[in-house]
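J.: Okay, here's what each chain looks like letter by letter:
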Amino acid sequence: MKKLLSGNEALALGAYHAGISVAAAYPGTPSTEILESIAQFDDVYAEWSTNEKVAMEVGLGAAYAGVRVLVSLKQVGLNVASDPFMAASITGIDGGMVVVCADDPGAHSTQNEQDNRHYAKLAKVPMLEPGDSQEAYDLMACAFDISEEFDTPVLVRTTTRISHSKSLVEVNRDRKAPAGEPTFKHDLQKYVMLPGHARLRRPLMEERLVKLADYAETFPHNKVVWGDTHLGVVTSGVAYQYAREVFPKASFLKLGMTYPLPQNLLRQFADKVDRVIVVEELDPFLEENIRAMGIKVTGKEFIPRVGELNSGIVEEAGRRAGLVTEPSLSQETELPQGLPGRPPLLCPGCPHTGMFFVLNTVGQRDKLLDSSGKAQKESKLIITGDIGCYTLATYPPLRAMDTTACMGASIGQALGMEKAGVGTKVIAVIGDSTFLHSGITGVVDGVYNKAQITIVILDNSTTAMTGHQDHPGTGVSAQGKKTKAVELERLVRGIGVDDVKVVDAFDMKALRAAVRSSLDSPELSVIIVRGMCSVRLRTRSGPRTVDVDKCDDCGICLKIGCPAIQKLNEQVYIDATLCAGDACTICQQLCPKHAIGPLSSIGAEESK
Amino acid sequence: MNRQDLLMVGVGGQGIILASDILGEAALAAGYDVKKTDTLGMAQRGGSVVSHVRIANQVWSPLIKEGEVDILVAFEKLEAARWGYYLRPGGLAIVNNHAMPPLSVSLGTHQYPSDEEIDDILKRRTSRIYFADGTMRARELGDVRTLNMFMLGCVSPFVPIDVDIWKDCLSQRLPPNILQVNITAFDQGRKEASNVNLG
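Just so you know, the sequences run in chain order A and B. Numbering of the first sequence is given in the numbering used here, commencing with residue 207 and proceeding in unit increments. Numbering of the second sequence is given in the numbering used here, commencing with residue 40 and proceeding in unit increments.
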């Protein structure tokens, strides 16, 4: 039976049917749904790990114990997990170990754009790349078999467009029974990487690559599709779909295994066609490796190496290369000018909004930038930021973030700025899940090195940005079971922070008092701002409304950036269907004219 | 059928992803090849949401090319204007007659386009434009969240899928306690769109 599955659902089902016993991950777009899908199976142990490094180590332990294990993460997650990933390559495994890495060409929801195919070459491990959901499902079975046959972790590299596209999948396998009882076979030379042992393992990695390259020659997912022999296209992943559409008559070598490459197959293909091009997203990974074999290919001469591809971009590239001659429909396209943008915003009732409004006003950030982006006035605060929904507070009107680099960086950056001697007070802002992921060591550093920074932990008790996954602070496991919660107050106090305040995220007076007190503090201080994510509110009551008779149009309520508060035709109104109501009331607390109240008490209909 | 490329656009929180999921499943049940992909941006709510649904005997790219969309389904007027250039010449635009001003409009730094401007932008591509009172109808039904099924109902007469298949797919994806009101919304959208003369 055919099912319409996303790439991530297909990867999860493929791994499940391949007989995994363990799965570990940290949420990260576009990889999150892989573990979420696996967590629904009762006969697999699935966990949200504290971060990707721990997930990889959990995976490695499970593989050493002889069971099949899946580790899934996003492109920057593999940076975090790169240390144990390299270790996995040199020790090898016992039970099959597959690492799914979901890259994000176009940086739809990532702080950078990077091509993680290079990690396969760096770590000297085989890499498979699915081109649709069917291949995502099919390749999972191959990946585990390859892992065990060649004693290596296998990298399965997907992208946003594969992970988050749905296409048809013929589900033609049942779950393979996990192999026997988990056992650890003691083998010091294989698993204890003392330098002397590592030197013994090192040549085995090279031998493994030679065997894998030989295997790649007949790997069934390295497929040739013969067409016209004027043009031969070597491609992989989603780029195959674009290329098939743009060059319908060409011959194709579609690579399901993109490291190591099948040299003979490539050479035979190149010999039979007049011209060979490589169509691939991001870096010229295939192109450079094929050219190094002495095969004449082109690709990045005309195909962009920055950003996500699509059929239109590949078609334009083909036109530049003289390979497409038909006129384009999109060339006639006239883009509409001057339409207001619609960037993502913090949600109505977001527990981060109040704190950012306080940081904005205390830091005098409202006048920080004029519309040309030039600084008009010095801010009284430097705010180092981190990765999460709250990064959106960078946008006007909140403008309450000065840096965002990578997970957990806010705390180290704040420390570095203070030690560098900037005269301005530095505040680090980080969410609860990100703090547990990689903020803790920064606090240890701050306590040890006597930092005078303030750390704001925005605790909404979930990993909101990626769609509300649990984490060690929530007390609930990935599979929905009650577990022990790590308490943030006790954690930071245990590290040695004495000035710890816990504040209600919707109490504007308390938030302001906490920030003022921390700014005056001569020592490292932590403010934990606690409030439930509004998207998880089960019931909403008391939507607010604006009493038009009392409103003097001062505009303060608009400065919190709440999407429910709108202004059209010179009148501020609150969209009752969006307002979080009694759970929030931030606008009501801020209104100097007391013009905002519950819809029922003011009795006015929604004014629009 | 040669192919049917649909672009569903609107604002996060309007239920576009569920609507495009159901469209994809209905097309699969009707025996077609289907690919569907969403571009969501970063946050859960408030940002632009775009969903590509491609239906044909064989689909390659999950993304539709600019200027090749057969049916644009816009849940919000400004988003209709923003994505109108994706329409093929003579394609069909189904637009929910509802404005959600983005923050820059509320803050006074940008103007929300007038109905005439939106109409003009769409007319650069097509004269087949249908403004539906989706949000109003959903409110009348007592649940504004039924907007997505109303819009799907508006799409349904223009896609070669039997009405029974649509209903099956709605029943499979919606919880029983809200199924009936959503089927009512779907039926109403289908009826209203069927009666419109779009040339």
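Certain hints may be false.
Only pairs whose alpha carbons sit at most 16 angstroms apart, straight line, appear in this in silico EDC-like list of lysine to aspartate or glutamate [what the hints assert, rightly or not]:
id, chain 1, residue 1, chain 2, residue 2
1, A, 656, A, 584
2, A, 391, A, 357
3, B, 162, A, 540
4, A, 417, A, 354
5, B, 206, B, 60
6, A, 687, A, 249
7, A, 687, A, 248
8, A, 208, B, 226
9, A, 417, A, 351
10, A, 209, B, 72
11, A, 209, B, 60
12, B, 206, B, 226
Just so you have them, the derived chain A footprint on chain B, three or more residues with Cβ under 8 angstroms [stated by the list, open to error]:
id, region
13, 46 to 60
14, 64 to 73
15, 85 to 94
16, 98 to 106
17, 137 to 150
18, 191 to 201
It should be emphasised that the hints constitute simulated quantities derived from the structure, not laboratory data. Glycine included, each C-beta is placed from N, C-alpha and C at the ideal position.
J.: Evaluate each hint against the coordinates.
T.: Hint check results:
| no. | hint | verdict |
| --- | --- | --- |
| 1 | 656(A) to 584(A) | violated, 26 angstroms |
| 2 | 391(A) to 357(A) | holds, 14 angstroms |
| 3 | 162(B) to 540(A) | holds, 12 angstroms |
| 4 | 417(A) to 354(A) | holds, 13 angstroms |
| 5 | 206(B) to 60(B) | holds, 14 angstroms |
| 6 | 687(A) to 249(A) | holds, 14 angstroms |
| 7 | 687(A) to 248(A) | holds, 11 angstroms |
| 8 | 208(A) to 226(B) | violated, 28 angstroms |
| 9 | 417(A) to 351(A) | holds, 14 angstroms |
| 10 | 209(A) to 72(B) | holds, 11 angstroms |
| 11 | 209(A) to 60(B) | holds, 12 angstroms |
| 12 | 206(B) to 226(B) | holds, 10 angstroms |
| 13 | 46 to 60 | holds (count 4) |
| 14 | 64 to 73 | holds (count 4) |
| 15 | 85 to 94 | holds (count 3) |
| 16 | 98 to 106 | holds (count 8) |
| 17 | 137 to 150 | holds (count 13) |
| 18 | 191 to 201 | violated (count 0) |
In this structure, the hints that do not hold are numbers 1, 8, 18, in rising order.
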